[in-house]
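Residue numbers (numbering that gives the first Met the number 0), protein chains in the order written: chain A, 0 to 184; chain P, 0 to 313; chain V, 0 to 431.
Think of the hints as simulated: they come from the structure by calculation, not from any bench.
Quick caveat, the model's predicted, so the values are computed rather than measured.
Don't take every hint at face value.
As a list, the in silico DSBU-like pairs of lysine-lysine whose alpha-carbon atoms are at most 35 Å apart [as the list claims (entries may be wrong)]:
| # | chain 1 | residue 1 | chain 2 | residue 2 |
| --- | --- | --- | --- | --- |
| 1 | P | LYS178 | P | LYS198 |
| 2 | V | LYS317 | P | LYS222 |
| 3 | A | LYS136 | A | LYS160 |
| 4 | P | LYS198 | V | LYS6 |
| 5 | A | LYS136 | P | LYS64 |
| 6 | P | LYS198 | V | LYS247 |
| 7 | A | LYS136 | P | LYS222 |
| 8 | P | LYS222 | V | LYS134 |
| 9 | V | LYS6 | V | LYS398 |
| 10 | V | LYS247 | V | LYS317 |
| 11 | V | LYS6 | V | LYS134 |
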Amino acid sequence: MTNTPDEQSAEPAGKQVLGPDDVRRAITRMAHEIIERNRGLAGVALVGIQTGGVWVAELLAAEIARIEPETDGVLLGSLDASLYRDDIGLRPVTPGTVSDLTFTVEGATVVLVDDVLYTGRTVRSALDAIGDYGRPKSVQLAVIVDRGHRELPIRPDYVGKNLPTSSEESVTVTAEGVVISGGGS
Amino acid sequence: MSRSLLSISELGEPGLRRLLSIADHMAEVNRRPNPKVPALRGKTVCNLFFEDSTRTRLSFETAAKRLSADTMNFAVSQSSLNKGESLRDTVETIAAMGVDAFVIRHGSSGAPWQLGAWTNASVINAGDGWHAHPTQALLDMYTVRTALNRLEGFDGLRVAMVGDIKHSRVARSTTEAFKMLGADVTWVSPRTLLPPSHKEHVVSNLDEVLDDIDILYLLRMQKERMNEALVPNLREYTTRFGLTPERAARLGDHVLVMHPGPMNRGVEMAVDPSELRGNVINQQVTNGINVRMAVLFDLLGSGSENSLAGSPES
Amino acid sequence: MKSTPRKLLITNGRLIDAGGERSADVRIADGVVTEVGVGLLSSDGEQIVDAAGMVVCPGFVDLHVHLREPGREEAETIETGSRGAAIGGFTAIVAMPNTDPTQDSVGVVEFVRQQGERAGLCEVLPSGSITVGRKGETLTPFAELAAAGVRLFTDDGNGVQDPQLMRRAYEYASDLGITMAQHCEVERLTEGAVMHEGSCCSHLGLPGWPSLAEELMVHRDIELVRLTGAPAHFLHLSTAGSVELVRKAKADGLAVTAEATPHHISLTDELLRSYSALYKVNPPLRTMDDITAIREGLRDGTIDAIATDHAPHVSASKELPLDQAPPGMLGLETALGVSIAHLDMPLVDIVAALSWKPAEIAGVADRHGRPIEVGEPANLTAFDPAEEWEVVPGQLASKSRNTPFVGVPLTGRVKHTIFNGEVVVLDGVAQK
Numbered sequence: 000m001t002n003t004p005d006e007q008s009a010e011p012a013g014k015q016v017l018g019p020d021d022v023r024r025a026i027t028r029m030a031h032e033i034i035e036r037n038r039g040l041a042g043v044a045l046v047g048i049q050t051g052g053v054w055v056a057e058l059l060a061a062e063i064a065r066i067e068p069e070t071d072g073v074l075l076g077s078l079d080a081s082l083y084r085d086d087i088g089l090r091p092v093t094p095g096t097v098s099d100l101t102f103t104v105e106g107a108t109v110v111l112v113d114d115v116l117y118t119g120r121t122v123r124s125a126l127d128a129i130g131d132y133g134r135p136k137s138v139q140l141a142v143i144v145d146r147g148h149r150e151l152p153i154r155p156d157y158v159g160k161n162l163p164t165s166s167e168e169s170v171t172v173t174a175e176g177v178v179i180s181g182g183g184s
Numbered sequence: 000m001s002r003s004l005l006s007i008s009e010l011g012e013p014g015l016r017r018l019l020s021i022a023d024h025m026a027e028v029n030r031r032p033n034p035k036v037p038a039l040r041g042k043t044v045c046n047l048f049f050e051d052s053t054r055t056r057l058s059f060e061t062a063a064k065r066l067s068a069d070t071m072n073f074a075v076s077q078s079s080l081n082k083g084e085s086l087r088d089t090v091e092t093i094a095a096m097g098v099d100a101f102v103i104r105h106g107s108s109g110a111p112w113q114l115g116a117w118t119n120a121s122v123i124n125a126g127d128g129w130h131a132h133p134t135q136a137l138l139d140m141y142t143v144r145t146a147l148n149r150l151e152g153f154d155g156l157r158v159a160m161v162g163d164i165k166h167s168r169v170a171r172s173t174t175e176a177f178k179m180l181g182a183d184v185t186w187v188s189p190r191t192l193l194p195p196s197h198k199e200h201v202v203s204n205l206d207e208v209l210d211d212i213d214i215l216y217l218l219r220m221q222k223e224r225m226n227e228a229l230v231p232n233l234r235e236y237t238t239r240f241g242l243t244p245e246r247a248a249r250l251g252d253h254v255l256v257m258h259p260g261p262m263n264r265g266v267e268m269a270v271d272p273s274e275l276r277g278n279v280i281n282q283q284v285t286n287g288i289n290v291r292m293a294v295l296f297d298l299l300g301s302g303s304e305n306s307l308a309g310s311p312e313s
Numbered sequence: 000m001k002s003t004p005r006k007l008l009i010t011n012g013r014l015i016d017a018g019g020e021r022s023a024d025v026r027i028a029d030g031v032v033t034e035v036g037v038g039l040l041s042s043d044g045e046q047i048v049d050a051a052g053m054v055v056c057p058g059f060v061d062l063h064v065h066l067r068e069p070g071r072e073e074a075e076t077i078e079t080g081s082r083g084a085a086i087g088g089f090t091a092i093v094a095m096p097n098t099d100p101t102q103d104s105v106g107v108v109e110f111v112r113q114q115g116e117r118a119g120l121c122e123v124l125p126s127g128s129i130t131v132g133r134k135g136e137t138l139t140p141f142a143e144l145a146a147a148g149v150r151l152f153t154d155d156g157n158g159v160q161d162p163q164l165m166r167r168a169y170e171y172a173s174d175l176g177i178t179m180a181q182h183c184e185v186e187r188l189t190e191g192a193v194m195h196e197g198s199c200c201s202h203l204g205l206p207g208w209p210s211l212a213e214e215l216m217v218h219r220d221i222e223l224v225r226l227t228g229a230p231a232h233f234l235h236l237s238t239a240g241s242v243e244l245v246r247k248a249k250a251d252g253l254a255v256t257a258e259a260t261p262h263h264i265s266l267t268d269e270l271l272r273s274y275s276a277l278y279k280v281n282p283p284l285r286t287m288d289d290i291t292a293i294r295e296g297l298r299d300g301t302i303d304a305i306a307t308d309h310a311p312h313v314s315a316s317k318e319l320p321l322d323q324a325p326p327g328m329l330g331l332e333t334a335l336g337v338s339i340a341h342l343d344m345p346l347v348d349i350v351a352a353l354s355w356k357p358a359e360i361a362g363v364a365d366r367h368g369r370p371i372e373v374g375e376p377a378n379l380t381a382f383d384p385a386e387e388w389e390v391v392p393g394q395l396a397s398k399s400r401n402t403p404f405v406g407v408p409l410t411g412r413v414k415h416t417i418f419n420g421e422v423v424v425l426d427g428v429a430q431k
């Protein structure tokens with residue numbers, strides 16, 4: 000999810016800083032890290048934050064299943080945190096797809112997944128949202144890109160790439176790579 | 000001035016569809032053990048009910064609270080209404096206390112539109128006179144959408160709406176919404192209970208249409224109408240237009256039976272509703288909370304006038 | 000206080016009266032026209048009233064004005080209503096009897112007349128009610144009120160529902176040289192109504208006045224006239240059916256007259272979509288077909304007069320929901336502007352419908368609506384027939400503001416009004 004409010008029409012002209020292979024490798028590395036840090040997959044659930052984190056979570060889940068074929072894979076869900084945002088009334092909000100959490104959050108190790116970590120407010124909303132489903136044993140955060148400029152004390156546990164950016168820039172992440180566009184004038 | 004929800008025709012089809020899809024989110028919230036989200040924290044919703052209506056008022060109040068909004072209630076039955084204080088003074092006084100939205104139900108058609116001139120708060124029409132009841136139409140549409148899994152639209156669905164159409168704001172709004180989504184609506188009613196000069200899509204014989212419908216929508220037949228010589232007596236009404244056991248037996252398994260409530264047992268509903276296979280009346284009530292949460296969120300929480308234009312910012 | 004004798008010279012006007020049209024100056028002294036001619040020279044002490052570019056005609060007579068005094072002075076008084084009338088070019092107005100107390104006794108009638116004299120802006124002609132208290136039960140003492148000068152009797156606001164009582168009223172009145180004027184509405188058909196019953200009201204979900212409720216009573220009273228030989232005047236006709244009934248009655252030689260309001264020749268029921276009670280009136284605004292029929296009725300003389308049914312209401316009451324708000328619209332100050340803008344008729348016929356025809360019906364044709372000739376009482380109006388203007392509620396002389404014509408383009412504006420030889424309105428401004 001792009002974090003800049005005014006980036007509506009996608010700027011085609013931008014700098015590609017990561018390619019598809021970089022993204023793929025980052026996901027593979029993060030998948031290994033998640034398994035290692037949690038000593039396996041018991042009780043672990045990946046929850047993609049809508050809308051940008053959903054595809055990332057799916058790729059991570061697929062990669063985890065590939066690395067650990069003898070397990071049943073990791074639990075996977077998606078979360079719409081738009082009803083928990085702290086900027087309601089300041090910007091237009093359209094809820095995305097309905098949250099889909101088929102497993103029990105209570106006592107689970109929830110790994111929130113997003114494409115870009117920026118101010119941290121989206122993650123804060125997601126933490127509040129998860130809390131309304133139950134009390135997880137712990138919550139971890141996985142992102143493909145950390146672009147800095149945190150406004151809240153939120154830190155990721157798994158990062159694909161650290162990319163310092165200016166706040167006028169915007170960052171787009173897809174399976175094809177990472178593009179930085181905009182920039183000061 | 001803030002946006003308001005006054006009628007289905009003013010809402011339009013894009014707005015109608017948008018509210019139905021937001022209602023899906025609210026339905027999910029309401030399935031949780033703790034059905035509450037902080038989306039409207041700090042907002043105040045005032046229920047301004049000039050007609051007795053516990054059910055609708057509770058539905059709106061619950062909806063507001065589940066979105067973490069604060070609520071105020073001003074309930075006035077017509078007989079105790081102080082004729083000295085005008086509607087305008089009442090509204091301006093309450094608005095001065097700091098209200099983000101008024102939910103108004105009034106016995107006079109047009110009252111919610113007049114409110115718009117006296118306050119900058121959002122106005123939600125919870126029913127005005129015989130004229131409109133947009134949130135009822137929304138919950139009716141949402142109920143059909145989920146019961147029949149019709150997310151795209153209602154093309155080909157045939158609805159028979161039976162009863163006192165003339166005095167029914169539910170009939171007007173719900174019919175309009177059904178048509179917006181592509182359904183075909185037939186009104187079934189004696190001439191005396193139809194709006195004057197309305198001629199299309201009307202039959203006065205329920206048995207004529209019973210075999211060819213997908214949705215049977217029953218309207219309340221009020222006992223007060225007896226005093227106005229609109230039908231000779233209730234027994235005759237039930238014989239001609241009521242859902243009797245004989246008619247219920249003829250209804251196809253697939254036919255949804257709907258009613259805006261409260262039901263007059265033995266009149267329009269002359270059979271035990273729990274015996275009807277297609278009875279979705281309780282779902283209507285549940286969905287009332289879902290759609291009213293969607294409406295409140297859309298007007299107060301989703302940010303700006305852009306929202307109904309449907310431009311998604313993610 | 001009697002008006003002080005004045006000397007006036009009205010110059011450069013285009014005179015229109017029942018005799019025809021001509022350009023001439025008019026000299027007035029002591030309340031009477033003393034000279035009519037081209038190029039008159041002014042003499043000492045004469046006030047010159049310049050009527051260049053204007054029509055000068057006999058002052059208008061409004062058969063239907065609610066002055067609210069006594070009883071509802073917060074909406075209008077006889078003085079403020081007279082001022083509005085004078086600004087609208089009226090030199091005589093018939094005051095409707097639905098006051099509190101009702102104009103059903105000599106005491107109240109005399110009070111109203113004297114208040115009008117005190118204001119001195121136009122002649123206020125009190126009407127009497129047909130039934131005591133307008134309750135529809137017993138007849139007002141017609142002869143007593145006739146002796147006090149009352150010529151028109153009506154229960155306006157309501158029609159007399161009881162046909163037997165109405166028959167008696169016509170029979171009793173036929174000896175007295177007075178006229179019954181009916182507000183035609185069968186009340187059982189209109190309970191709870193807030194607008195015209197038609198497709199617009201079905202869509203809005205509001206109870207309506209069906210045209211039949213008016214036409215049934217028009218028909219009834221025409222037949223009572225046929226039976227009794229008494230004259231009848233029909234107030235504020237609003238439906239095509241009513242116009243047709245009156246047309247046939249006149250063709251049959253019956254002594255019936257009729258009036259229509261400016262709002263019924265210009266505004267339709269579609270305005271009620273705004274839910275604004277400014278457009279609520281009884282009889283209601285109806286459809287374009289009805290408007291067309293009424294315009295045709297004025298054109299062919301079926302409808303004799305334009306009468307405003309000026310009905311002031313305080314703003315708070317017009318802000319109520321439709322079903323609680325009282326019906327009624329202002330009309331005195333916009334009557335000419337609406338009539339010229341919406342009637343495709345020769346100007347002389349419009350003036351006739353505003354002036355000498357209603358003067359005849361009101362029984363004051365001896366002093367209003369007179370030809371502009373030497374020796375005639377000086378009750379005159381001068382207006383610019385082409386001025387285009389819009390009404391600004393805050394500038395009205397009326398105490399109330401409930402005009403439905405905000406934003407409606409008006410054509411024709413009264414500039415000077417002369418009442419009993421005194422200039423009461425000069426350049427559109429009331430002089431007292």
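Taking only the CA atoms, is the gap from LYS198(P) to LYS247(V) under or equal to 35 Å? Roughly 32 Å between the alpha carbons, so the hint for LYS198(P) and LYS247(V) holds.
Given hint LYS222(P) paired with LYS136(A) - CA-CA distance at most 35 Å: 59 Å, violated
Does LYS198(P) pair with LYS6(V) here, judged by a C-alpha cut-off of 35 Å? 67 Å, violated
Quickly compare the C-alpha distance for LYS6(V) and LYS398(V) to 35 Å and report which way the hint goes. Judged against 35 Å, a Cα distance of about 32 Å means the pair holds.
Do the alpha carbons of LYS247(V) and LYS317(V) lie within 35 Å of each other, as the hint requires? The given pair, whose Cα atoms are some 38 Å apart, is violated under the 35 Å limit.
Are LYS136(A) and LYS160(A) close enough, with their CA atoms no more than 35 Å apart? 27 Å, holds
For the pair supplied as a hint, LYS178(P) and LYS198(P), is the alpha-carbon distance within the 35 Å limit? Within the cut-off at roughly 16 Å; holds.
Restraint check for LYS6(V) with LYS134(V), where alpha carbons must lie at most 35 Å apart: 48 Å, violated
Quick one, are LYS317(V) and LYS222(P) close enough, alpha carbons at most 35 Å? 32 Å, holds
Starting from LYS222(P), check that the Cα of LYS134(V) is at most 35 Å away, please. 31 Å, holds
Straight-line alpha-carbon gap LYS136(A) to LYS64(P), limit 35 Å: With Cα atoms ~29 Å apart, LYS136(A) and LYS64(P) stay inside 35 Å; holds.
Violated hints, listed in ascending order, are 4, 7, 10, 11; each of the other numbered hints is respected by the structure.
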